[in-house]
Amino acid sequence: MNAALIIIFGTIIFSSLLGIYAGRRVKMNLENWTVGGRRFGIIIIWLLMAGEIYTTFTFLGASGWAYSKGAPTFYILVYGALAYTLSFFILPALWKVGKRHGLHTQPDFFIKRYDSRPLGILVALIGVFSIIPYLQLQLTGLGLIVEVASNQAVSSQWAIGISFVLTCSFVYTSGIRGTAWVSIIKDIMMIVAVLVVGIGVPMIYFGGFGKMFQTLIEQKPHYLVLPGATSHMGVLWVMSTLILTGLGFYMWPHVFGSVFSAKSAKIIKRNAVIMPFYQIPILLVFMVGFTALLVIPSLENGDMAFLELVNRTYPSWFMGFVGAAGAVTAMVPSSILVLFASTLLAKNVYKAGFNPRASEETVMRLSRFLVLVITTLALVMAIRFPNELVNLLIIGYDGVTQFFPGVVLGLFWKKATKGAVLSGLIVGIGVVVALIYTGHDPFWGMNAGFVGLAVNSIVTLAVCLSAKPKSLVGKEV
Amino acid sequence: MQKGTRIALILGAIPFITMVFALPLVNRIEPVVLGLPFLLFWLLAWVVLTPFILIAAYVLEKKYNPPEKGEDE
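Top to bottom, those sequences are chains A and B.
At position 216 of the first sequence (counting the first as 1) the number is 216 in the numbering used here, and the numbers step up by one without a gap.
At position 11 of the second sequence (counting the first as 1) the number is 11 in the numbering used here, and the numbers step up by one without a gap.
Among the hints, erroneous ones may be present.
[As the list claims (entries may be wrong)] Have a look at the derived ranges for each label pair, beta carbon to beta carbon:
| no. | chain 1 | residue 1 | chain 2 | residue 2 | range |
| --- | --- | --- | --- | --- | --- |
| 1 | B | R28 | A | R365 | 56 to 66 Å |
| 2 | A | L195 | B | F41 | 14 to 24 Å |
| 3 | B | V48 | A | L17 | 14 to 24 Å |
| 4 | B | A45 | A | F14 | 47 to 57 Å |
[Said to hold, decoys possible] So, partial list: chain A residues that the calculated Cβ filter (under 7 Å) puts toward chain B:
| no. | residue |
| --- | --- |
| 5 | F74 |
| 6 | L82 |
| 7 | L125 |
Since the hints were made in silico from the structure, they are not lab data.
Each residue gets a CB set at the ideal place from its N, CA and C atoms; glycine is no exception.
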């Protein structure tokens, strides 16, 4: 038993106990489980959203991209700031609709606004299909981090298995409250890890980040401008990806659903104002990737750059701390992904599709049961096919972004109709899938998801505007 | 559209203009500012400024829009 192992397992066990405790004194019904009784204040909302957004993918991916691709990684710093800016205008209106009609999920919104259960079911299914690869990616990342951090003392399968049983337990008992509380530990550990490593490694190897960049400009200047070390991630690709991810950010079912857990529309608006501060540490993650590029230039897998560099620079107990931070960083987003995937299936597929008269208790019981099913499914997939779903995640982002016209027009334009939104959604998804499977991503230098979104928006608007005046009566929400 | 909302929307366009649409103009290494290559410096600067832009939008929107009915607090 080494120090790193004790730190890793101590952290995940303590986090899970805290998560379970979070829901102990609350009577668990669907309202409390999925949206925390709509009572979260500004601090807890901020932690929750930051907790969902900063995932292992940010941690390993942002440094990994800096290492293997260079400047295209800068989009990870920027898109959040764009998303928060948009959210300032969109989310308060969404929260109000949610409050007025007691909505819990994203498909709930579509069902209410467009008065169409089939549209809601479609949105729920696209949501679940997008969530599962995302969840699996967290699991795989967690396995990788713990395996490396414990110096191969724990295999990635065991790490994934143990942390997911624990995650499952606090989702089951506490719902979104569990996620929110565990986010506190996660955010603190994560920030400490990023600060220490991000400021530390350029200092240790080069005497400061300015000198590190100087060396990089002398040796590999092309890494610092677009398209970096890639052939296809040029300016146009980054611009289209920024629009896609900035707009798609809050369209993820779990992020969308978390909006409803705020106490008021004002909290949501204030949260949008302070969220961009949370982006700044990503700069430090880039520094780690760039330092690794100069210090250990021949890694096979760029995503290992962060961990490898820490391993080579710091004592093993600190590696354990990074491993523990990485593990909770995977557990928090996973918990909310599982929570919303289960609720979407129970409430918006089972209830809306097959049994409209199911009681709230039945839906709640089914949701909890599905937590176990989905966790098991993702677990098996993460262990059996650790690498094959990364591409599905990209399609996932492209997929959920197609909800954007339906959400925004639904909130602000009475003339938006279900036929228009449904056609736009289907055409948008069709374009994305066709472009990706025929090897046309990027398409004319642009991200395929962006092309899909553009076509989707045009179709949605065209159908709305061409409808006869009589059928123009969208349902006001 | 209310005046406050209009001002807020104009302010809200700034991050999109500077960080997305201005990209072709700032895709360069020189000048190095504060030790950062120019492209990274530019993007970072606007990410840091975004919350302040939003604070301004929040304050001005509140100032020019009449308080809504049933608004909490």
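Results of checking the hints against the structure:
Distance hint check for B:R28 and A:R365: the Cβ-Cβ separation is about 59 Å, which falls inside the suggested range of 56 to 66 Å. Range check, A:L195 to B:F41: Cβ separation about 20 Å, and the 14 to 24 Å hint holds. For the pair B:V48 and A:L17, the supplied restraint of 14 to 24 Å is violated, since their beta-carbon distance comes to about 37 Å. Checked against the given bound of 47 to 57 Å, the beta carbons of B:A45 and A:F14, roughly 39 Å apart, lie outside it.
This hint holds: A:F74 has a C-beta 5 Å from the nearest C-beta of chain B, less than the 7 Å allowed. Against a cut-off of 7 Å between C-beta atoms, the interface hint on A:L82 holds, since the closest Cβ of chain B lies about 6 Å away. Look at A:L125: its Cβ only gets to about 31 Å from chain B, farther than 7 Å, so that hint breaks.
When each numbered hint is compared with the structure, violations occur for hints 3, 4 and 7.
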